[in-house]
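Q: In our numbering, the protein residues as written are 332 to 733.
No wet-lab data here; the hints were simulated from the structure.
Note that this is a predicted model, so its numbers are computed, not measured.
Any given hint could be a false lead.
[Said to hold, decoys possible] Dumping the calculated DSS-like pairs for lysine-lysine here, alpha-carbon to alpha-carbon at most 27 Å:
(1) K379 <-> K548
(2) K698 <-> K683
(3) K614 <-> K580
(4) K453 <-> K391
(5) K444 <-> K549
(6) K549 <-> K614
(7) K429 <-> K453
(8) K453 <-> K580
(9) K405 <-> K375
(10) K574 <-> K548
(11) K580 <-> K688
(12) K574 <-> K549
(13) K391 <-> K548
(14) K429 <-> K410
(15) K373 <-> K683
(16) K453 <-> K549
(17) K379 <-> K549
(18) K570 <-> K549
(19) K548 <-> K410
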Amino acid sequence: MIESILYYLLIAMQLLVMAYLAFGTIYIFVFAIASVFPYLPKPKPLIKQNRIAVMVPGYKEDAVIIETARDAFKQDYPKELFDVIIIADSFSQETLQKLSEFPITLIEVSFEKSTKAKALNKAMSTLPDGVYDIALILDADNIMAPDFLTRINQSFNNGYIAVQGHRVAKNKDTAFAILDSISEEISNSVFRKGHKRLGVSSGLAGSGMAFQYDFFKKMMSTVHAIGGFDKEIELIMTKDRVKIEYLDKCFVFDEKVQESDVFVKQRRRWLSAQIYYASFFPKAFMHFIRYYNFDYLDKAAQMLLPPRILLIGLLPIFSALSFLINPHWMTVSWLILTAIMVLAVFLAIPQKSYNKKLLIALTAVPKGFVFMFFSLISSRGANKRFIHTAHKAAKVENHETK
Numbered sequence: 332m333i334e335s336i337l338y339y340l341l342i343a344m345q346l347l348v349m350a351y352l353a354f355g356t357i358y359i360f361v362f363a364i365a366s367v368f369p370y371l372p373k374p375k376p377l378i379k380q381n382r383i384a385v386m387v388p389g390y391k392e393d394a395v396i397i398e399t400a401r402d403a404f405k406q407d408y409p410k411e412l413f414d415v416i417i418i419a420d421s422f423s424q425e426t427l428q429k430l431s432e433f434p435i436t437l438i439e440v441s442f443e444k445s446t447k448a449k450a451l452n453k454a455m456s457t458l459p460d461g462v463y464d465i466a467l468i469l470d471a472d473n474i475m476a477p478d479f480l481t482r483i484n485q486s487f488n489n490g491y492i493a494v495q496g497h498r499v500a501k502n503k504d505t506a507f508a509i510l511d512s513i514s515e516e517i518s519n520s521v522f523r524k525g526h527k528r529l530g531v532s533s534g535l536a537g538s539g540m541a542f543q544y545d546f547f548k549k550m551m552s553t554v555h556a557i558g559g560f561d562k563e564i565e566l567i568m569t570k571d572r573v574k575i576e577y578l579d580k581c582f583v584f585d586e587k588v589q590e591s592d593v594f595v596k597q598r599r600r601w602l603s604a605q606i607y608y609a610s611f612f613p614k615a616f617m618h619f620i621r622y623y624n625f626d627y628l629d630k631a632a633q634m635l636l637p638p639r640i641l642l643i644g645l646l647p648i649f650s651a652l653s654f655l656i657n658p659h660w661m662t663v664s665w666l667i668l669t670a671i672m673v674l675a676v677f678l679a680i681p682q683k684s685y686n687k688k689l690l691i692a693l694t695a696v697p698k699g700f701v702f703m704f705f706s707l708i709s710s711r712g713a714n715k716r717f718i719h720t721a722h723k724a725a726k727v728e729n730h731e732t733k
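Given the sequences, and given the hints that come with them, work out the whole structure.
A: Written out as structure tokens, the structure reads:
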């Protein structure tokens, strides 16, 4: 009798876990399929060339900021129509001296608890009003493709208020860097390209994103996030029905993590922010029932998704264990979910990424799964304090960007 009760209790617990993992799997699968179809918004005639504020907040980013400042001017956009604004938090005097030699606007900031939101708000409170049309946000390690600003400007001529560029890997020099770059491309396919193909607002990536300047300044004055400020921005905009556009051919190079300790810190920060913003889902659900705002519900639902690398690791594990303890129908269910997840990942990875480096990335998946698991169990409270992940100087490799 007791054994029978325990058996059915185990089955019930598995069904709950299966339902949660199925939610994540099917969500990724649907948008991965959508990403296969081309999304090419029809450009409108060039109306104007907007004045752009290229804002680069950085905290102790001495190792990469000089390269970023230098490369920011290698644009085919008229140089008199954009300003590079470095927001320097806790930089060394040597770095500040080198930066002063560039034709940039250098804004020094200092906070008891540093955040990207604070740095951006401080910078915009310092900059004069009525000068800029577009605010472009880069990370301190980001390098823009030569036509990046031209494509951003065109998107605003198309009438968009918020735009996310296509972040690609700056470096692929370690197994973890390659794994991180593949993960970024899957996110681009699922949360950006796939979403826009189905008419849903694109996700933001935290950098390589641009906004109508006055709109961004007003919105940011209400943002006080310690971690995951881009997630808060997504929720604010979609609640107000502001669409976020995605430019698949507008490339910005982003440094990928090279070492396991940085991977853990970065994922811990991301997971903590995701767990915090997951609390917005009940409110978003009620908002959807009342106003039929699917974009807002979708962004809140993303906060409930299991991390991809955990999903990829857990499904085969549960499938294998299922042969030992489960009835036949549940084993089949686990295997079907695993197959769907594999197909979704296959569809979401760009064709150009199917090469020898992908095999190298696969060798890092088991370690990534373990590190992500420990990041998850240690993420409690991480969103209440700033977690800095330092960047290293990394050479931009040759990439297929067409």
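Q: Confirm or reject each hint.
A: The hints, checked one at a time:
no.	hint	verdict
1	K379 <-> K548	holds (21 Å)
2	K698 <-> K683	holds (24 Å)
3	K614 <-> K580	violated (35 Å)
4	K453 <-> K391	holds (17 Å)
5	K444 <-> K549	holds (22 Å)
6	K549 <-> K614	holds (23 Å)
7	K429 <-> K453	holds (22 Å)
8	K453 <-> K580	violated (32 Å)
9	K405 <-> K375	holds (25 Å)
10	K574 <-> K548	holds (17 Å)
11	K580 <-> K688	holds (22 Å)
12	K574 <-> K549	holds (17 Å)
13	K391 <-> K548	holds (24 Å)
14	K429 <-> K410	holds (21 Å)
15	K373 <-> K683	holds (25 Å)
16	K453 <-> K549	holds (13 Å)
17	K379 <-> K549	holds (23 Å)
18	K570 <-> K549	holds (15 Å)
19	K548 <-> K410	holds (23 Å)
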